[in-house]
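Asks: Residue strings, one per chain:
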Amino acid sequence: MHFLSKYAKKYWKLFSTAVFFLMCEALCDLMQPAILSKIIDVGVASRNMPYVLKMGGVMLFITACGAVAASLRSTLASIVSQNFGAELRSDLFRKIQALSFQNINRFDRASLITRLTNDVTQVQSFINGLMRMFVKAPLLAIGALIMAVRLDPQLSVVLAVVVPIVIIFIIVNMRLGFPLFMKVQKALDRVNGIMREYLSGVRVVKAFNQFQFEVEKFSVANRRLQERSTSSIRIMSIFSPAILLTVNFGIVAILWMGGFGVNNGTMKVGHIIAFINYMTQISTSLMMISMVFNMFVRARASTFRIGEVFAVEEKTSPNRLKHEVTGEKGRIDFENVTFSYTGRVQDAVLKNITFTIYPGETVGIIGSTGSGKSTLVNLIPRFYDVTGGSLKVDGMDVRDFHPHDLREKIALVPQKNILFTGSVRENIQWGNDRAGMDEIERAARLAEAHDFIAAAPEGYDTMIGQSGVNFSGGQKQRISIARALVRHPEILILDDSTSAVDVATEMRIKAALKRYAKGMTCLLIAQRITSVMDTDKIIVLEKGEVAGLGTHEELLRASHVYQEIYQSQMGKEVLQDGRTNERI
Amino acid sequence: MAGQTNGYKGNQAPGPFLRMGRPGGGGAARFRGPAEKPKQFKGTLKRLWAYFGRERNGLSVILALIVADSVLTLCIPYFIGRAVDAMPPGRKVHFNLLEIMIFVLTAAYIADAVLTFLQGWLVAGVSQRIVQRLRSHLFQKLQKLPVSFFDARTHGELMSRLSNDIDNVSNTISQSTTQLMSGVIALLGTLMMMIILSPVLTVASLCTVPLVFLLTRTIAKRTSVLFKNNQAELGRLNGHIEETISGIEVVKAFNHEEKAIKKFEEVNQSLLKVGLRAQIWSGFLMPLMNVINNFGFAMVAVVGGVLALKGMITVGVIASFLTYSRQFVRPLNNLANIFNVLQSGVAGAERVFDILDEKEEPEDAREAIVLRDPKGHVVFENVSFGYREDVPIIKNISFEAKPGTRTALVGPTGAGKTTIVNLLTRFYDVTEGRIFIDGKDIRAYTRDSLRRSFGFVLQDTYLFSGTIKENIKYGNPEAADEEVEEAARLAHADIFINRMPDKYETILSENGGNLSQGQRQLLAIARVFLAKPALLILDEATSSIDTRTERFIQDALLSMMEGRTSFIIAHRLNTIRDADHIMVIDHGQIIEQGSHDELMAHRGRYYHMFYNQFKNMGEG
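Those protein sequence lines, which keep their order, are chains A and B. Sequential numbering from 1 applies to the first sequence in my numbering. Sequential numbering from 1 applies to the second sequence in my numbering.
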């Protein structure tokens, strides 16, 4: 909850002003019963018509003042709550963007989105309500209490009994409510999560014809949400009538006592009417207070969830000062690097990795599933920090770089295609805002993407939906490559990015890269041995360790693992086929 | 007084809907500008009401409770009035009357509390069930929509409707239901009592009602537009959030955090502006209502005073009347409020109904037959197709795959290979030509049976957040555990599964995020092994797995393909070399077809592709 203090400091002045107006409003409201009682007791009883009219006028005047105060208060309240909500959302978004991968993956993505939308709105609504009536209610209640006590101390005994009982009810209400609402939000998360998953996997669901299965899965979650919501609302709904009843008993008591009082001549009827009015006022206010606490409990659950994100501390060491790069541009050194996602040595997915990639080299990285290729490559832009050893880029440890500067040098084409809503041009421009159309086209040509883009009806202005639906897998990959190329990076990383591209096209891309980027260091993670066969050197990874390092020929001679891979794809017989053809 | 909330619950966060201007994008993406009022206000209300239909019993009981409670509430001020009359100013107190009234009042209050509680209890059940039903319908509807619908929209957009909009409707329903019913009854009942007490005074208080109407309409006109705008902006924001959080790796890799934040701010500010205006306008409602109300009270007090002076009514009547007046304006205020709240609720409901109105996948023809024990004889006859009418992807393709054969589709990306698969399974329907399976046009079969006869291993894996076992069983929910393990073994997934602490009970995170890409592919393959379909489609399935593991899988797939018609789309010539029939596809047409030997002898496209792959072999 500490994160809230920042906003409290910023907005408290406006908040207080709003509350001040609220008080004026409340005051005006409070005076009504008194004036009414005067009209009756003084005006009517003594048949003083002018007095009645005068007091009527006063009442209207006070009402008008109240309305002005209320409008001002309402406007202020809107300003405060809306601005607060926008700021909170913005800060939360920034926080999420700044989180390291390790930390982001602690949260379910759908949950992060829910927190940014639904939870922020809950808190915002609560703050808003606070200034609208939630503060008014206690004020009115207290005001009515004061007026009532002043009016007739004897009758106030009733209040002394009623009020504490109500307070107890409210406290119990709150205690019960919080855990209930947390459960409701969790159930909501689950429902949203299922919907989200389904949207991602529509084709597969249809392909496996698992309509029934999906619907049932959803039903279960849906039902749980419904049950939890229902029970939480029901439990909370006991308290309002209970509170009301308590106050109403108070009214009855007043009438009873009033009877005696009037009989003895110690009380005036007008007082009793006014007192009852105040009790009514108090009861309404208490109802509202009870509702406030309901909302508060909800908001508290949301605040807690938002707070969880803000509370995440980055484990990585703080960025050290920017140094001037002294080493060779595009050089990468792995020095005895070990890495584990959990930080524990037993779970290391990379062990004792040592090699050097020289500027301008094209290096292939190959290995079986889960051998650590993507992990290795994710260390270079510092998506994760090494657990042991040191990783240097341009001769400097990556931890000495500001991540921003480090990533400026690197262009990554990830394994999974991620394109965004927008035109093809915008997507490619993502890699480099300053790129003009000709640069974009050039990058597209190099990536063998220009032809099919130009062939599309709107060309570069063709819109791409989520994940780029209009284009085939291989085409999306090429757009991703263009996006990386337009960046003019020192280091280009292609993480299995030509898997969906056919061999011939891949050849052309590689040739273009060779021509275009002589000084660019290029890392190629691939499954096809043909993709890496012609690179300057190849790193073979096996179970997180370097199992071979060298050129294709060297590895074919010396590395058992490499031989296996080679044969499994090429096959001994194919070797002969190919050679036969070549000779002819 | 019934326990009604006098509340105006601040701005809701009503459902947003992101519209992407997609030029001719597939599916019926209707285009609605932001500044529209909920056009079919009444129509939407009616449809919402239909959901209440099933709750008829519950609603009737609630109604009865409300009526009873309202009657009580109406009488209470009267009782209070009589009790006060038992204490005439300056004279003796009639204790008998007082005692009776007090007794009656106590009973009334207790009854009121019980009735209110019961109301709350029942309403909670009713409203939550309605929302549950709405959610369920939506989800079921989604199952029936064609793939083109999903392809044309962003996830954030759809999610918004499914979560924010339904939340909005849910809030509106729970808030408005009782208040509406009780409000109307209270209003009418109170009015009746007031007339009975004193027609003159009633007229005095009612003079404010037209003002209330005017005020409500003026404000609602403005706020309805503003709420719609609010939702639109919220939708945009949601879409942006969804994208940048889903694709956060790319955002970081490209140093795009600042830009993502900037765009966020832009939409956030936009939302702020609209939200602020909506709020401020809504905020004028209550204060102004108050003024009008108090004016009414003043009138009552003054006119009442005059009448009392003339001896036409008693002081007790004024007291009762004032209480009734208060009781009259409360539901009036609530109704005005509800009208406002309904604006946003209805807008939200409209967006939900938009989806419910979407065109589903065309029904199977009535005479559709179930495809049983397919032999797997596939024929494409002059098939043409394009996702968009002006962009044909496939032109006039014809080929035949005999039962049990392996057909390989090769060619550059975008040539139409995946599209052929889409057509085979009727994710999309051909524009021209026909596709036959076992001699019948595939449109003659039920979609269910058609799809069930295929086994897919697609480019994108879909795994869900359940256990590994559940994910594999997706292929056949009835399978026994041993079958699951056997399937995993065949797919070579058992190795990594057994290395995990919970083995088959390991829970996967969203879309299997805690596994590597390759491992996910293996699970997807195991899933197919379990399903044992009659026809197989492998769409670049094993591209993400390294060639070593792939070799093992190849063997397993080979044995699985025994006797089954299969279609393989891969780029690795090695994997298709052994196919019975190879088709080279480019620019939507079949360039060459034949067996590997035939095509190599032909020295055409295939020959060159194959040759290129080994160009750099050298003396390996």
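Read the hints as simulated data drawn from the structure, not as lab findings. Certain hints may be false.
Below are the DSBU-like pairs computed for lysine-lysine, each with C-alpha atoms no more than 30 Å apart in a straight line [stated by the list, open to error]:
(1) A/38 / B/92
(2) A/329 / A/416
(3) B/469 / A/186
In this text, all values refer to a predicted model and were calculated from it rather than measured experimentally.
Asks: Which hints, by number, does the structure contradict?
Replies: Result: no hint breaks.
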